[in-house]
Amino acid sequence: MLSLGSVGAKSTKPSFVSYVTPEEIKLEKEPPKIEKHPDLLPGEVEFCCANPILKYTQDDLSQRGIFGTLFCTNFRVTFISDEKSQEETTKTFKNKLYGENDIPLMCVDHIYGVYDEKKKLITGGLVKNKYPSKMIIHCKDLRVFQFCLTFTKEEDAKKIFQGIAHHCLEEKSLKCVFAFSYSGTPSPEMQRKRETILFDSPEDWTQEMKRTRANCRLVTENENFELSQRLPKYFVIPSALGDLFSYQGKGFPIWCWSHHSGCALFKASLPPVTQEDGDFQKHLDIMINAVAHNYLYSAKTEDLSESLPTIQDIQQSYNKFKQFFLIENSTDFWLSDVKWFSSLESSGWLDIIRQCLQKAVEVVECLEKDNTNVLITEEEGTDLCCVISSLVQIMLDPYYRTLMGFQSLVQKEWVAGCHAFLDRCNHLHQKDKECHSPIFLLFLECVWQLVQQHSPAFQFSETYLTVLSDSVDVPVFSTFLFNSAHHRESVMKAESPLAQSSPLSCPTVWDWSVQFDSKAQNFFFNPLYSEKVKHEKAVRKAHKPKHQRQLSLPSTAFKPPSKKGFFKDETDSLKKMLRVKRLSRWMGSPDSPAATTRGFYESWQQRPLDYHGLLLPCLDGPAVRVWMQRYLRWIPEVHIMGGGSVAVMTKLMELLSQVQDLKCVLEQRDSSQAVKLDHRPYIQHRLLSFGSSGRLSSSFPFAYSRNRSFKPIIPTGLMQSLMVSDSLASQEDEASSFVSLV
Amino acid sequence: MEKSGSVDSVESLCSSTTTRSDRSSGTRVSDTELRSKGRAIEKVLQCKYTSKGELPLLPEELVQDSAKDVTYICPFIGPVRGSLTVTNYRLFFRCTDREPVFGLDLPLGVLSRVEKIGAATSRGDVSYGLVCKDMRNLRFVHKEPEDSLKKSVFEVLMKFAFPVSNNMSLFAFEYKQVFPENGWRVYDPLAEYKRQGLAKESWRITKVNDHYELCDSYPAALVVPVTITDEELRRVSSFRAKGRIPVLSWIHPESQAAVVRASQPMVGQNGRRCKEDEKLLQAIMDANAQSHKMFIFDARPSVNAAANKMKGGGYESEDAYQNAELVFLDIHNIHVMRESLRKLKEVVYPKIEDSHWLSNLESTHWLEHIKLILAGALRIADKVESGKTSVVVHCSDGWDRTPQLTSLALIMLDSHYRTIRGFQILLEKEWLSFGHRFQQRVGHGDKNHTDADRSPIFLQFIDCVWQMTRQFPAAFEFNEYFLITILDQLYSCLFGTFLCNSEQQRLKEEVPKHTVSLWSFVNSQLEEFVNPLYVHYPSHVLFPTVGIRHLQLWVTYYIRWNPRMRPQEPVHQCYKELLAKRAELQKRVEELQREAANRTASSSSERAGSPTRSITPVQTYV
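Chains A and B supply the protein sequences, listed in that same order.
Under this note's numbering, the residues of the first sequence are numbered 1 to 742, in order.
Under this note's numbering, the residues of the second sequence are numbered 743 to 1364, in order.
By construction, these hints were calculated from the structure, which means they are not laboratory data.
Since we're looking at a predicted model, the values are computed, not measured.
Just so you know, even glycine gets a beta-carbon here, dropped at the ideal spot from N, CA and C.
There's no promise every hint is true.
[What the hints assert, rightly or not] Straight-line distance between alpha carbons at most 16 Å, and here's what the computed EDC-like set of lysine to aspartate or glutamate pairs gives: (1) B/Lys1318 to A/Glu667; (2) B/Lys1329 to A/Glu667; (3) A/Lys663 to B/Glu916.
[To be verified] Computed Cβ-Cβ distance ranges for the label pairs, DEER-style: (4) A/Lys96 to B/Arg1084: 51 to 57 Å; (5) B/Pro801 to A/Ser342: 50 to 56 Å; (6) A/Ser346 to B/Thr1192: 32 to 38 Å; (7) A/Gln606 to B/Thr838: 54 to 60 Å; (8) B/Pro821 to A/Glu203: 56 to 62 Å; (9) A/Lys153 to B/Glu1060: 50 to 56 Å; (10) A/Pro608 to B/Arg927: 41 to 47 Å; (11) B/Glu1333 to A/Lys519: 56 to 62 Å; (12) B/Glu1333 to A/Pro608: 32 to 38 Å; (13) B/Lys1035 to A/His429: 52 to 58 Å; (14) B/Lys1085 to A/Gly278: 53 to 59 Å; (15) A/Gln606 to B/Arg1084: 55 to 61 Å.
Chain A extracted, bound-state conformation (with noise of 0.2 Å):
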């Protein structure tokens, strides 16, 4: 049996010979006595299975790993060791769907087959000739999986190999999504309502304008889809917009949300483009002066897609960065670790995120500085429409800093906004690839730079960021499963087991029991959050709006409206100006908007900072960074022993467990007082105890480290990385030998 966890590479060069025979394997073991499955989940199917199956271990280039079987069901793909695990039960962090060893059927990115020590991509077409000696897979979450096939009988492997290929690969239909069999129990109702709002009431909208103390109007009658399909069920126009079916489903200025001073923030598709320019001309004036009408006359638009990338860059970007984090051994990582910055600068990655972020401070500004309303466009209105737009709400509305707020958020812009997730996320594997593409993400990210920059202003962590992007990939909510409402409800009704009753209920990403048991959810939580203290302030904040909004007086020549009629009159000037204003302020020469906004970022700088107010990025090259906790948690050679922020996490969590004791402690010593308690719902007493700190891993809570022994990574190969062939490199250290006196 091998060992796992060994360390040294034995060559330099990757080889895909084992050093183990098939036949000294056969006779080495029995056959298996009991026969090993997977703990199935309601509703979850096992198709095929092989053994023995040798399992590489990722830590280094000798080709070392764990025998045991692998299986493929409707859900995932699963390997289960022979050995015994103890690891698993000692797990803090453990998703109750899928383990370490369990890959979401969904969750597979490519699929790598190893012929005659030759790599190839397996596509659809390999498939039935040959099954290759090694699998490598890559999955959507970053893990790489490598799988020896050579040692199980040779039917088995074949039928694994087409198995694991057909159901990761091939096109498929909705309907075989595990979502649509999983029977999970449901979970107590009472936790889904009193939290997240989904936006799929109109009571949902309602209190939403009320909160943001928006004047629109609210939009129900396309509650049966009539208007548009490609309409959210409920939504919200500026009030001053007239007949609806005039629009075909295009180009509604959609509120998004509203600013303390009045302004608003709407987003749009484009309409339709006929064959009479004069008729868009037309209904973009509509759009912009229905916007205009919301307050004080003012309105800009923006048309993203002209400033951001296409869909397409995103996707082209996300798949070349994405290869440096899928490292499949040592050799590679070393060798990449030395054109690391340069290649990260290749992907454009992080500069998409920049300009996504920039964007968004713009029409911050827009809304806070210069309190007009902004309307952005979009071919379709649910891509990056929704990444500019979260992302605004983010930095002005705290509410969405919380957990809560955010999971609403997603649901307001994201799900209920009719983003096209299942395209998207291309969940069925079409192969029309030019409709993929990770804007989900891509929001994440930014919002991810937010979090690092501004840890106390989040209640959530960057985990719980890294966990709702893994949970995109796992095809059990159906949050994620659908392009928009309309699909949504459709599929539902059409999926559910008893035809006319109640829709099929599958659960939402947002019940995080279904994933995690309420100690790992403490994890989501940002223990240095900023909580905003509730009574007195509150009161100073009421007025503050209002003195606000006389400050910040638009200095435009722009006076609110006496009358009804003042406004027909005064169209063309508003259209002259606004398109004056359009050019300058949005078209002008590429880095203009950045100088501006430079200027707004730092007079947002030396003001006193205020977590529960607005929050911008600082977007400066070094600010810009890599989510090391997405891309890097199961990389072995980048795992810091004892180190990483969770050091700081878990200390800090120590700390506040000690002032909670203290607290009840005192409650209880001095109830009369009646000290009031910090309302921290999750953070409570049931914290997790590391008793050895000290030695947890950075990457914790995700991988957990295999070797205890705590060896350090020697890094190989470090000569290639410097080459100075400067003359400097050869001169002699000293130029003169005698000592210079002071």
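Got chain A; can you put chain B on it based on the hints?
For chain B alone, coordinates are given in the frame of chain A:
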């Protein structure tokens, strides 16, 4: 002014560390540490401005010249008009007709170069460029003085910025602040070797270098194997470059594996050998019973090591040192490092090119050098800790790359060096007593800015330490501000600590007698430098990750002059608040308990002291 309260002077001293171009947002200044500092500075500066522009001078600091109507060309906020004052210690620029008030306050020691840019213009303006050692350049413009006989303020500045070149003494020899603690007593070699647990039966402290006769760049106290006589050491010294023989630096408390430092052997082209040197290395190996092998780490790239043979140097041959394995660590020389930092400065100051930031950063190779140094130290620490083998570390002369490697390895191996005082001892020992040539590398008070002996070797080491503090945020007692303070005071020439090239020179110049030690200042206000996250794990070895993916540019040091790059409020602030809150609550609990105990003293006590049970003592430094 000479007896100004020590607090005031301490604060004004600190103000040299932060640019005041970001004064307006004093409440949000960078790091927590800087933050609290910022407030203090604010106070000082405010009273400065209100009390008719009197400067808060340090003891013995004297105004030399001042000029009104000088324009400072700030790369971030544009030209600023104000007045410029030069003392024998610092340059002070302030502008009061601007809201927020703008000021610059920097010790003259950070200047590496002052020069007139271009000729006087038709308008009679003269422009001066100041190149600083701390990653910034300053530019001033002022009117040509009407009276051409009067010296320009910049000529005065030039005189006091480079006192050594002008046959004057550094300000450190004039500065006479008295601190409660004498920092010159921080390091006592004998006590330190005793702390390490030196085994008397295998190691001895020799007096052979008592008068620096054996090696003038080594300390007086040296630790060598007992089996080697002083006479043999003398012979070894002729075989090692600059007489820097292999001596003990650190010994593992359990395995007795030793970290030994030296300079290169003078092998030369003919492959010269030295019996005594071979015997010495054998004795070092024998002193550790755990292993029958030893590693010699040559910090240089093998090509350079081989090239040194031409000049009489070289490396240990396998024939001569049979049980030793030689490893090259591929770290480049001081010239490559200097060039790398120069490129880095170009990339970060004053403007950062956002879209090419990463490739520009890569092209400086700065982080790659950091990676190589850390990787080298990691390999040394691994051999000592995991392999239980003794190691010998050397480069060419053993005073640049060698202290980088040994001190980093020691920080990994010995948690004592991660405390504030332990770190001071480490610097005193590995860098100062073993003769890192600070005077040459930094060029204190010397106007010869093109001197090829200048190199940011020590800065690089501090950067490596900073990288480790990032990776192990709870393992170090000191915070980032401590490291920045050390670097700022390295250039300032206010303290005697980093003056001269060796222990011998410092004694000859009577530096400890005539100057104040940096540690006097630091240890008098330790709370500023404490990392609130620190947890003391006694025998905890740190193995950092050296992949470039985990290395970061030290933005808060290299780019601190850029107001946009000021970091946001870090974790430490909240943490300090929590600690304070906890301390407060704990106090209340105790009070109540006492009260309850008093009340129930007569009757039987109903509750045992259970509440305190759950409260495990955590080190509190606030």
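| query | Within 53 to 59 Å or not, the Cβ separation of B/Lys1085 and A/Gly278? | reply | Hint holds: Cβ distance 57 Å, inside 53 to 59 Å.
| How does the Cβ-Cβ distance of A/Pro608 and B/Arg927 compare with 41 to 47 Å: does it lie in that range? | Because 43 Å falls inside the window, the suggested range holds.
| Does the Cβ-Cβ separation between A/Lys153 and B/Glu1060 fall within 50 to 56 Å? | 52 Å, holds
| task | Compare the distance between the alpha carbons of B/Lys1329 and A/Glu667 with 16 Å, and conclude whether the hinted pair is satisfied. | result | With Cα atoms ~14 Å apart, B/Lys1329 and A/Glu667 stay inside 16 Å; holds.
| request: Could you check the hint for me, namely that B/Pro821 and A/Glu203 are 56 to 62 Å apart, CB to CB? | output: 59 Å, holds
| said: Can you confirm whether the C-alpha distance between A/Lys663 and B/Glu916 stays at or below 16 Å? | reply: 54 Å, violated
| Is it true that the C-beta distance of A/Gln606 to B/Thr838 lies inside 54 to 60 Å, as the hint says? | 18 Å, violated
| request: Using the Cβ atoms, figure out if B/Glu1333 sits within 32 to 38 Å of A/Pro608. | output: Check passed, 35 Å falls within 32 to 38 Å.
| message | Against the range 52 to 58 Å, how does the distance between the Cβ atoms of B/Lys1035 and A/His429 compare: consistent or not? | response | 56 Å, holds
| Whether the CB-CB distance between A/Gln606 and B/Arg1084 falls inside 55 to 61 Å | Hint violated: Cβ distance 32 Å, outside 55 to 61 Å.
| query | Are B/Lys1318 and A/Glu667 close enough, with their CA atoms no more than 16 Å apart? | reply | Since the Cα atoms of B/Lys1318 and A/Glu667 sit roughly 23 Å apart, the hinted pair is violated (cutoff 16 Å).
| query | At the C-beta level, are A/Ser346 and B/Thr1192 separated by a distance inside 32 to 38 Å? | reply | 36 Å, holds
Checked against the numbered hints given earlier, this structure breaks hints 1, 3, 7, 11 and 15; the rest are met.
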